[in-house]
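4 protein chains.
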Amino acid sequence: YGKNTIKFLRLHKEGKKQFVKEVEVCAHLRLTSPQEYLEGNNSLVIPTDTIKNIVLVLAKKNGISSLEQFAIDICNHFMTTFCQVAYVKAYVQEVPWQRLHEDGVPHIHSFICVPDGIRFCEAEQCRNGPLIVFAGIKDLKLMKTTQSGFEGFYKNEHTTLPERHDRILCGEFFCKWSYGECKDFDFNCIWKKIRECILEAFAGPPDCGEYSPSYQKTVNCIQMFVLSRVPQVQVIEVVLNNTFYNVVDMKNLGLTNDKEVLVPVETPYGSCACTLGRK
Amino acid sequence: YGKNTIKFLRLHKEGKKQFVKEVEVCAHLRLTSPQEYLEGNNSLVIPTDTIKNIVLVLAKKNGISSLEQFAIDICNHFMTTFCQVAYVKAYVQEVPWQRLHEDGVPHIHSFICVPDGIRFCEAEQCRNGPLIVFAGIKDLKLMKTTQSGFEGFYKNEHTTLPERHDRILCGEFFCKWSYGECKDFDFNCIWKKIRECILEAFAGPPDCGEYSPSYQKTVNCIQMFVLSRVPQVQVIEVVLNNTFYNVVDMKNLGLTNDKEVLVPVETPYGSCACTLGRK
Amino acid sequence: YGKNTIKFLRLHKEGKKQFVKEVEVCAHLRLTSPQEYLEGNNSLVIPTDTIKNIVLVLAKKNGISSLEQFAIDICNHFMTTFCQVAYVKAYVQEVPWQRLHEDGVPHIHSFICVPDGIRFCEAEQCRNGPLIVFAGIKDLKLMKTTQSGFEGFYKNEHTTLPERHDRILCGEFFCKWSYGECKDFDFNCIWKKIRECILEAFAGPPDCGEYSPSYQKTVNCIQMFVLSRVPQVQVIEVVLNNTFYNVVDMKNLGLTNDKEVLVPVETPYGSCACTLGRK
Amino acid sequence: YGKNTIKFLRLHKEGKKQFVKEVEVCAHLRLTSPQEYLEGNNSLVIPTDTIKNIVLVLAKKNGISSLEQFAIDICNHFMTTFCQVAYVKAYVQEVPWQRLHEDGVPHIHSFICVPDGIRFCEAEQCRNGPLIVFAGIKDLKLMKTTQSGFEGFYKNEHTTLPERHDRILCGEFFCKWSYGECKDFDFNCIWKKIRECILEAFAGPPDCGEYSPSYQKTVNCIQMFVLSRVPQVQVIEVVLNNTFYNVVDMKNLGLTNDKEVLVPVETPYGSCACTLGRK
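Chains as they are written, first to last, in the UniProt record's numbering: chain D, 1 to 279; chain L, 1 to 279; chain R, 1 to 279; chain C, 1 to 279.
None of these hints come from the bench; they were simulated from the model. None of these values were measured; they are calculated from a predicted model. Treat the hints with care, as some may be off.
A pair counts as met if it fits within one copy or between any two copies, since identical chains are not told apart.
[As the list claims (entries may be wrong)] Derived lysine-lysine pairs resembling BS3-like cross-links, with alpha carbons at most 30 Å apart:
id, residue 1, residue 2
1, LYS176, LYS17
2, LYS193, LYS155
3, LYS16, LYS259
4, LYS192, LYS17
5, LYS21, LYS192
6, LYS61, LYS192
7, LYS155, LYS192
8, LYS155, LYS61
9, LYS251, LYS61
10, LYS193, LYS17
11, LYS279, LYS13
12, LYS192, LYS138
13, LYS251, LYS21
14, LYS7, LYS61
15, LYS13, LYS251
16, LYS251, LYS176
17, LYS138, LYS7
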């Protein structure tokens, strides 16, 4: 199969107020026949350049009301226009432009890039199959400076890690969920709600937090919480790439370091991933 | 001379509330004698490992009330402790952790990384010279979707660029300013004010903006505005790495594209830089 | 499941001659019980730190005769030592250090990093299943400046690409093949042979090359050639991330550009991927 | 001032044999008047787009016999064509394409990218001043697995580093030298000779090497050796970004690690830089 990536800006105005969406679109196609590979016969091949034109034309005609709707539009276009397409997947990712505010007043045409978690989505369809929609957030970096530990793990002669009941929990989250065969969802609103759920499940109550006995359990809490709060989500996958921090031993420098100065441990870094669905 | 980079986390608590600063420190030293280079005589060399220990001990003892104060502390320590140091520069850069909020309530120990412009500073000193402090912001990405043009430029037989009076202005800013021989400044407060000035000068009034006739003029406006509003700033340098966007020509696709769909032009990209001081 | 990454150097000497292998190892484990996720019960969890220790101890004890043998050693260790492990995968990637030569004479202890295609491998095993070994090369950048075209493709109203019979073929290759349940293979020797096959199939005969009617066909040629020459390979996957180059139109600059000056087209870039096995 | 970056490919043929140069060119200009910044008056501004056209036209007309000659051509063009240019600098960097060989036979049109040190150069000129040419190599990663130590350094209460007489010396080199006001040099030939000198000075004799008492001394040896062997070089700057490797302590794992397994220390990493000229 083939894929390609297109990056572009979609502007629109309402009166004098300007709106902007900058996206990166990656379209994957698989054709019904492998003749392009086996025989070098290009007669069914849809060139990258044509795919780019289609994506830009769809953006021009339909706008981008939500990333998900745009991905659905792309899938629909390829499935209905090209009978040689056996499978199509459209991945859409957003550049996180946010409207500037001056003393709380929104600016009509100025924006700042705020990459505190990148929104993306995917729509995919096999010929004669349902259109499935996924959405997600990636590059979301979170930290808890307390209320995290790791104890009671398996031990043998290769174990050197001490048990810790007050460590730093820090990492980069990748979360991706499926809406199943979705109907008329308000994708923008649901996405914002899920983002809030992830942050809330990670952090716990603002006044005291919630103890995390492991990265794995935190991953599971996020999944359980999203599934309980957002009925549109069918399955949720969470990957957490942790950064470990070690409390610097300052004894030989004549000081007691009471978890005040820590250094990141760059290798090994760990990662834990889990996919959870409804029964 | 030599330099090295240390990354670490400094935590502190006030009651149950946790505070976090994650910084990357780069210390440059030049010694009074080049004998380490010429003769392989290491007797005056301060190993990287020792420099790391000193930075961590200073963080432990003094905390990091501001990046600038911490950079000053490092310079002072090296100048007063090691008579073989002829010059010291300390660069300190912040990982932009922000406290999480749930429904407007700040969380006592959870943070999110929001890289919408990275704060950094530098302090430098030659033996017997003044201690000079710089501060700055980098990786600040801004966009204006209108109120920008480029006309009346020099033309000859190699000119192919059309004049434009309504283009996108987009780029990544690097701003660095000098406080001179600073006294007891509230560095955190001044930095926030300068950041606001940069955004305001870039965007213009929220209801209408301000026309930019060129990247160069916008750079100059930012500098003039900061110098006029913040008396502590002596000199300000601004570098703007532009991203150009071209309106996609859709005529051969049978459509009129009224600055609705644009693609970034990755090469050539331009950059303009200017340094401006007080008379 | 969880994974983690460890980077280290393994040295050994034969007389005064030094040998070096620098590798990045990533171990994935899945446990038989999800209790760590669901209940926060860590009693079966093997900490990242323990995994790191095991990998380093295996490197110390066994050395790294080939990446593949080392990956097999890791899988075997985890499967035989920990009954709670349901699945293990070991990915091993090499830093491409090559011995320095001075006037053709190899240096006994000096090396240069030459990243012209990175060697990697994977071994994986489910409990009670066979141990499967993969190997591959990635980040291999190749270019043909002629003998490549793209004609006869599907056209409709969104087509703007002209047919071309003499374009640049350039891209980054990722190739990964399976050895099946391998026995006592000379992995180093086979890997080198496959790399040569890839280059030969890409380039064609040195005096004239071989015409490529599409990226897809070139991908297929590489696969067919490797399968025909290297009986140990069961299945081979090739992904090609193309860079397109456009001949610069210099008509409005008064010049005829006969495919002498070309610029890379950064978006859209395309990619084609194919997996081919034996019947 | 302003600068911009252009990336392109220059092909030429001799009979059926194809030659390729892919370069990234960055041109910096400073104008005689700051009116573009202060007044938004663009009448002297040479747009990025025009600069790109000029660079491409020069590549088309002159070819790229050497990076240095091409940089000189660019400087000459801007100085003689535009009287408003006060200063011009042209930086040219090469994508390291190498001709493919099959069984020792060079291929007529196929190339592989081999980034084992990137060649670059700079030419700069002020109006009425001389044209100065620099050349260099960057991203050159070298390692010695023995014959390196670090002893006899300055010690105080913050010292924790032990003395070592047999460590790994590993790092990334950046070397840049000046040819002064150069005449008709064979830049390609000189560059290759300097690269060999750097490798030889780093490694020492192939059968035994040469002991390095510090990174600083190795930097100096390289500089001295290049200056002694290549009379065209006036001044040479070398920056070495070291990677430290620690021997893993395996005592608590019941093993003796005789410098067989080492891990890279990612922070702090050090860097040492020195500039050396002729008397």
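Structure-based check of all given hints:
1. Proximity of LYS176 to LYS17 under the C-alpha cut-off of 30 Å is found in neither arrangement, the shortest distances being 33 Å within a copy and 32 Å between copies.
2. In this homomeric assembly, LYS193 and LYS155 never come within 30 Å of each other (Cα to Cα): the closest approach is 40 Å inside a single copy and 43 Å across copies.
3. Taking CA atoms no more than 30 Å apart as the test, LYS16 paired with LYS259 passes between copies only; the shortest distance there is 14 Å, against 53 Å inside one copy.
4. In this assembly of identical chains, LYS192 and LYS17 lie within 30 Å of each other by CA distance both inside one copy and across copies; the values are 23 Å within and 27 Å between.
5. In this assembly of identical chains, LYS21 and LYS192 lie within 30 Å of each other by CA distance both inside one copy and across copies; the values are 16 Å within and 28 Å between.
6. Taking CA atoms no more than 30 Å apart as the test, LYS61 paired with LYS192 passes inside one copy only; the shortest distance there is 26 Å, against 42 Å between copies.
7. Proximity of LYS155 to LYS192 under the C-alpha cut-off of 30 Å is found in neither arrangement, the shortest distances being 41 Å within a copy and 41 Å between copies.
8. With identical chains, the CA atoms of LYS155 and LYS61 are at most 30 Å apart between copies only, with a shortest distance of 21 Å across copies and 61 Å within one.
9. For the homomeric pair LYS251 and LYS61, the shortest alpha-carbon distance between copies (14 Å) is at most 30 Å, but the shortest distance inside one copy (67 Å) is not.
10. In this assembly of identical chains, the alpha carbons of LYS193 and LYS17 lie at most 30 Å apart whether taken from the same copy (26 Å) or from different copies (27 Å).
11. Proximity of LYS279 to LYS13 under the C-alpha cut-off of 30 Å is found in neither arrangement, the shortest distances being 45 Å within a copy and 43 Å between copies.
12. Proximity of LYS192 and LYS138 under a CA criterion of 30 Å is satisfied in both settings, with 14 Å inside one chain copy and 28 Å between copies.
13. In the homo-oligomer, the alpha carbons of LYS251 and LYS21 lie at most 30 Å apart only across protomers (23 Å), although the nearest pairing inside one protomer, at 53 Å, exceeds that limit.
14. For the identical chains of this complex, LYS7 and LYS61 are intra-copy neighbours only, at 17 Å inside a copy versus 33 Å across copies, given an alpha-carbon limit of 30 Å.
15. When the C-alpha separation of LYS13 and LYS251 is checked against a cutoff of 30 Å, the pair qualifies only between copies, where the shortest distance is 22 Å, while the shortest distance within a copy is 62 Å.
16. Within a single copy, LYS251 and LYS176 get their C-alpha atoms no closer than 44 Å, and across copies no closer than 38 Å, so neither meets the 30 Å cut-off.
17. In this assembly of identical chains, the alpha carbons of LYS138 and LYS7 lie at most 30 Å apart whether taken from the same copy (18 Å) or from different copies (24 Å).
Going through the hint list in order, the structure does not satisfy hints 1, 2, 7, 11 and 16.
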